[in-house]
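Visitor: Take these sequences, add in the hints, and give me the full structure.
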Amino acid sequence: MDKPQELDCRGMNCPLPVLKTKKALTTMKTGELLRVTATDPGSVADMAAFSRRTGYALVESGQADGAFFYVFRVK
Amino acid sequence: MSDDTKRPTRLAMIASKGTLDWGYPPFILASTAAALDMEVCVFFTFYGLVLLKKKLKLKVSPQGNPAMPMKMPFGPKGLQNINWPIPNVISGNVPGFELMATSLMKKTFKKKGVATIENLRDSCLELGVKLVACQMTMDVFGFTKDDFIDGIEYGGAATFLEFAADANISLFI
Chain A
548 MDKPQELDCR GMNCPLPVLK TKKALTTMKT GELLRVTATD PGSVADMAAF
598 SRRTGYALVE SGQADGAFFY VFRVK
Chain B
188 MSDDTKRPTR LAMIASKGTL DWGYPPFILA STAAALDMEV CVFFTFYGLV
238 LLKKKLKLKV SPQGNPAMPM KMPFGPKGLQ NINWPIPNVI SGNVPGFELM
288 ATSLMKKTFK KKGVATIENL RDSCLELGVK LVACQMTMDV FGFTKDDFID
338 GIEYGGAATF LEFAADANIS LFI
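Line by line, the protein sequences give chains A and B. Just so we're on the same page, this note's numbering is the position in the first sequence counted from 1, plus 547. Just so we're on the same page, this note's numbering is the position in the second sequence counted from 1, plus 187.
Be a bit skeptical, because a hint or two may be false.
Keeping only pairs whose Cα atoms sit at most 27 Å apart, straight-line, the calculated DSS-like set for lysine-lysine is [claimed, not checked]:
#1 B:LYS244 to B:LYS298
#2 A:LYS570 to B:LYS242
#3 A:LYS576 to A:LYS622
#4 B:LYS332 to B:LYS241
#5 B:LYS297 to A:LYS570
#6 A:LYS622 to A:LYS570
#7 B:LYS297 to A:LYS567
#8 B:LYS332 to B:LYS242
#9 B:LYS193 to A:LYS570
#10 B:LYS244 to A:LYS567
#11 B:LYS298 to A:LYS570
#12 B:LYS242 to B:LYS294
#13 B:LYS293 to A:LYS570
#14 B:LYS204 to B:LYS241
#15 B:LYS240 to B:LYS298
#16 B:LYS299 to A:LYS570
#17 B:LYS293 to B:LYS241
#18 A:LYS567 to B:LYS298
For the record, the hints were derived by calculation from the structure and aren't laboratory data.
Guide: Below you can see the structure in the form of structure tokens.
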């Protein structure tokens, strides 16, 4: 598996992490992975909703190094 | 109702307020909805029309807004958490109070990583959100197309309603 592309959304507040994530995903190729880090606690619910609405699969998520992380696969 | 089976979810919004606080919800929701692959139209009418101006000079007024927290955006954490209750008689009569409140809100938003309205508005355009200026209000307020940003449309009630007729979500803000 290729290394995921990284997107740092730490320090950003709603709705920026979702907007930046969408923008990054649309520039990537099918099958590629995007790893987003965010500190906004609201991103936990929002990233899951984003994934359900758009069909970009959230293949992994959790907390590491004092931030939330989300790994999306490009559809 | 159209028979398009693959028509995207639609969000129709009316933005009717032009203050710094109420300028946020339409752009936050519109940009996010578009990021969620929804089709979005925001109709800017009455005071909401100023949200489309090239140069935004939005303010927030604590007067008549008793729920607005008045907090310091800087200094020690303890001080920042104190809410300073300002009676209307002061907020309405002290010159420059509104400017101060506006500046405090902008500073706090920036510090908390909240995007500016200009940023969110740019995102909306990038994501293909339809921004419609109310032609009637423009005439009443004396605005011309030169006052507004590029990339927007102009129309009236029927323009909005035609879009909203097939909307899944309709909001008046």
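Visitor: Does each hint hold? Answer for all of them.
Guide: Each hint, compared with the structure:
1. B:LYS244 to B:LYS298: 20 Å, holds
2. A:LYS570 to B:LYS242: Holds - the C-alpha atoms of LYS242 (chain B) and LYS570 (chain A) are around 25 Å apart, at most 27 Å.
3. A:LYS576 to A:LYS622: The hint holds at about 8 Å.
4. B:LYS332 to B:LYS241: Status holds; Cα separation ~10 Å.
5. B:LYS297 to A:LYS570: Holds, at about 21 Å.
6. A:LYS622 to A:LYS570: Answer holds: LYS622 (chain A) to LYS570 (chain A) is near 14 Å, not above 27 Å.
7. B:LYS297 to A:LYS567: 17 Å, holds
8. B:LYS332 to B:LYS242: Distance ~13 Å between LYS332 (chain B) and LYS242 (chain B) Cα, so the pair holds.
9. B:LYS193 to A:LYS570: 23 Å, holds
10. B:LYS244 to A:LYS567: Holds: LYS244 (chain B) and LYS567 (chain A) sit about 26 Å apart, inside 27 Å.
11. B:LYS298 to A:LYS570: 23 Å, holds
12. B:LYS242 to B:LYS294: 19 Å, holds
13. B:LYS293 to A:LYS570: 25 Å, holds
14. B:LYS204 to B:LYS241: Holds, because 17 Å separates the two Cα atoms, which is no more than 27 Å.
15. B:LYS240 to B:LYS298: 25 Å, holds
16. B:LYS299 to A:LYS570: 22 Å, holds
17. B:LYS293 to B:LYS241: 18 Å, holds
18. A:LYS567 to B:LYS298: With Cα atoms ~19 Å apart, LYS567 (chain A) and LYS298 (chain B) stay inside 27 Å; holds.
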